[in-house]
Amino acid sequence: MLFLSQCLFLVFLLLKVQQSLCGVVLSVKLLYFVKRGGSCCDLFCWSPCDLGFSFRILELNGQLIRSWSAGTYKNTNSVSFGYYLRVGSQDNPVVVTLQSWPGGFIFYADIWDWDEMTPSDNVAYFYERIYQKVNTGSQVRSFYSSSSEMRIAVEVNCSANYYGTNCQTLCIPHDEDIAGHYSCDPGTGAKVCMEGWTGVECNVSQDNCLDVICLNGGTCQDLHRGYNCSCVVGYTGDHCGEDVNECDSFAEELCVHGVCLNSPGSYVCQCTLGYSGKSCDFEIDECASNPCLNGATCHDIIGGYTCHCQPGFTGFSCGQDINECDLITSQDKDIDNNSLTNESSHEKCNYNGNCINTQGSYKCLCHEYWEGAHCELNVNECLSGPCHNNGSCVDIDAGFRCLCSEGFTGLLCDSDIDECQEGACFNNATCHNVIGGFQCECQDGWLGEQCQEDTDECETTFCHHNGTCVNVNGSFYCECQDGWSGLLCEQDVDECTSKIDFCQNGGTCMNKPGSYDCLCTVNWTSVYCEVDINECTAKMGLCQNGGTCINKPGSYDCLCTDNWTSDHCDVDVDECTTNMGLCQNGGTCINKPGSYDCLCTVNWTSDHCDVDVDECTTNMGLCQNGGTCMNKAGSYDCLCTVNWTSNHCEVDVDECTVKMGLCQNGGTCLNKPGSYDCLCTVNWTSDHCDVDVDECTAKMGLCQNGGTCMNKPGSYDCHCTNNWTSNHCEVDVDECAFNKQLCQHGGTCINIPGSYECVCQGYFGRNCEYEIDECASNPCYNGATCEDKIGGYTCHCLQGFTGLLCGQDINECDLFVSQESSGEIEIVNNVTCMPNESCSVFSDGSGEISRDKIDYSVTCSENGSCLEYFDLSGDSETNYKRSEVCNNNGKCFNQYGSYKCLCHEYWEGAHCELNVNECLSGPCHNNGSCVDIDAGFRCLCSEGFTGLLCDSDIDECQAGACFNNATCHNVIGGFQCECQDGWLGEQCQEDTDECETTFCHHNGTCVNVNGSFYCECQDGWSGLLCEQDVDECTSKIDFCQNGGTSANNLSMLSSHM
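For the sequence shown, position 635 matches number 1535 in my numbering, and the numbering has no gaps at all.
In case anyone wonders, no lab produced these hints; they're calculated from the structure.
Note that the coordinates shown come from a computational prediction; the quantities given were computed from them, not determined experimentally.
We put the beta carbon where it would ideally sit given N, CA and C, even for glycine.
Please note that the accuracy of each hint is not assured.
Here are the simulated distance ranges between beta carbons [as the list claims (entries may be wrong)]:
hint: 1; residue 1: L1840; residue 2: Q1170; range: 57 to 65 Å
hint: 2; residue 1: I1490; residue 2: D1512; range: 20 to 28 Å
hint: 3; residue 1: I1201; residue 2: N1711; range: 56 to 64 Å
hint: 4; residue 1: E1349; residue 2: N1711; range: 52 to 60 Å
hint: 5; residue 1: L1193; residue 2: E1896; range: 35 to 43 Å
hint: 6; residue 1: S1305; residue 2: L1840; range: 25 to 33 Å
Result set (BS3-like, lysine-lysine): computed pairs, CA atoms no more than 25 Å apart in a straight line [what the hints assert, rightly or not]:
hint: 7; residue 1: K1599; residue 2: K929
hint: 8; residue 1: K1248; residue 2: K1263
hint: 9; residue 1: K929; residue 2: K974
With the hints as extra help, turn the sequences into a complete structure.
In structure tokens form, the structure reads like this:
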């Protein structure tokens, strides 16, 4: 087998590429060498080690592949080659290419100590056979001699496009028609044909359509790597077996005005009413047949038509005539704003007007107070000035309303208001009613129009002896200084005569103007003799010899120390007689002032002779060479260290002879005073030659940035912290690029050496994981609720307060509100806000605020203002109109956090929004119905009556209540008609059919007409009832011809020849 370090190149002319015949890449990296036993390489350590190296790579049969030298390394016994990219003249690692791989090679290393003056000394020699499989990664190899260790890293890989255990199989993947269509098996290098190809070279195409059936007219197409069925329109799927449901995706486009129904390979449209065509896109014109009658206009609609009738006609096709007087119409007038509404239904003629039908139209006969085509216009009663005492007249439907001046009331403002009955004067004042007002006669101490203001007597009253004048409602009083009394504090108080014992502890009370003095006994002091004199502070040194003076009421005590006694601690206590046995172990007790002494024997000491004399402390150095002195009663012992012995530890212990094996691994034990040394072999170190040479301690700082150096035989590893990487932990880990989610909540990650920082917005914490609670500092005032937000907060104010921090009281009387008939109120106020914050309401500034204009997401304007919305009712309506807080001209009085409305007459409720129901008093006469309206009422009169209170009879005769020239007689609540002949009915509006009672003679025909009749007579008869014979012979007509003479007969004409 060829095993060459130099490879040839074979030119593949067919493929037109160059492919190296070198299938193997061998990499050998020098890692580490160490000589054990220190840096001495000569026999007598004349000079330090200067290490030289030479290396060879050999085939297993000994044939040389590569050799090189590594240079000289001075003054060291170890070399870490792993740090170097080049060693001597060669790169590190050394890379050689081989034709094939036999399974291994020989590594040779020669290491010597280079000396300038003497021949070089051999240090170590290695000749190692190394076996390793290809593509198994880098493997560390360690070699040992008696005094040295060598480490290298070996890696064997197949070159590109070479495979197999010995890298001799060449496979270059292709995807072209000439070279083939295949990839390479990663283990063996065998050719693996791509889908759709076969043959040795994978260049023969497979016909994938041979066993494929495309359904529903589909056509199979061979794609080499598969097949494809090309389907006809209406089908889909791998084999065209699935019907395309056109209605799922294109229903609206396919069937414009219809329902799409899927069918195999196609679809049909089921058109909705009024459309036709395949796609239902043609509208049917139902008006083409002119279906509308009586000149009506036809409008075509989807699926039908609509007829717009001419006035006077109705019905689907406008074929029916309209009797307007029989119709119900919603044509009423809103009593508040005179605008037409659709809220109630009435007759065609409003307010009980009579409707008279005409052909194609109608006519209204109106009652009193109303006029207009539909009796819809109210007669303005205010023109007559009905309101008294400067009251304002307001015209209303079927009447008027008087708004009275202050002090007057009544329907016509003709009644004076007695304000005294309503308590107009306060504080027991006498009230005098006057026309249009009142006068108050105040009690002493009060003033003002309603005696509501208190008179401040303190402005004119003087309290003696520094007394303080206090004004109260209707009066005053003096708060006197102690020692004075009376209305004006002018009287001295004799405190000594009162029952109260002002002077305590036997003190004598002595009166004086405005006060008193206490004459105390000798043991007491202060104003009331209530303070005990502290003798301990007043007179120092009462208690002698360190005694403590303790004050007590009226005297003192001395608390003496243990050595003194008596009242002032001036008598010495003889401890030797009062307490036997104070001095122990034969000691003698000797008393002295305030204490005692113990005279001890020679072996004892301390105050009570209870402590043994410690020779170890009184005589230093008894025990030598680090021995420990151990005291015992009357003597001592020396506890020697392991290296010394004898009574005083002055004799050295020879450890090398006493304990064998102290120096391990062939080390030589050398005794020395108090210890020993181990002379280790070259492979070991430490005190007992039991520690392998550790590079991590021999050379500090190998692992940077807090990395941990881990020793291993012949080398070391750096275990880096999480923030550093690379062999020596010198490369910073970019945490921001490694983990995009380190900084939460939109924080910006900034990498720094060995760590990272997060720049947060609205959050804090190392990773911006904690939201800043701006509400923690309680920024909102007046009990408002703080809502924390990202990067800020919002204050939700209690009712009655506003502002960004709810620190402003709302003056509700200055606000605009929205009020509906239900009395529910919402307040809208212009307030300030923070730019880009959310406002609660949106208005276009037109004065009208509609619910559909409210946008709770609108932001604050740039100038910092928006409309703030307060809901006082909790309800929502559709339309909102601006008005005052107190409706109907009520007066608003602001209160702290609220307000109060003072309503005018006819109104009540919290906001003067409720109308007083005047109908409760029954003001309408003659069974009239009362309808309560704003600030008044309206009477709906019974038929025949009119007037504001329905107290006037209607003269129907003046309005022409009787028809056809009948005589009208007015009566209370109605009228009576006296009809002319030929008419009857309540209003003489009905014609009398005289033909029912009248006989026309001689077969005449009776014909009834309005108010009369006539007879259509037979020929020869005339008269009202056809009772008169007609004399044809006297007429100018010559009935008898040719000279004949006529003779008249009853109902017959005769001719005489």
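Tested hints:
1. Taking the beta carbon of each, L1840 and Q1170 are about 59 Å apart, inside 57 to 65 Å as hinted.
2. Checked against the hint of 20 to 28 Å, the C-beta distance between I1490 and D1512 comes to roughly 22 Å, which is consistent with it.
3. Hint check: I1201 to N1711, Cβ distance near 58 Å, so the stated range 56 to 64 Å holds.
4. Checked against the hint of 52 to 60 Å, the C-beta distance between E1349 and N1711 comes to roughly 26 Å, which is inconsistent with it.
5. Range check, L1193 to E1896: about 38 Å between beta-carbon atoms, so the 35 to 43 Å window is met.
6. At about 29 Å, the beta-carbon gap between S1305 and L1840 stays in the expected band of 25 to 33 Å.
7. Our distance criterion of 25 Å between C-alpha atoms is met by K1599 and K929, whose separation comes to about 21 Å.
8. Simply put, K1248 and K1263 have alpha-carbon atoms about 9 Å apart, close enough for the 25 Å limit, and the pair holds.
9. With a C-alpha separation of about 22 Å, the suggested pair K929 and K974 falls inside the 25 Å cut-off, and the hint holds.
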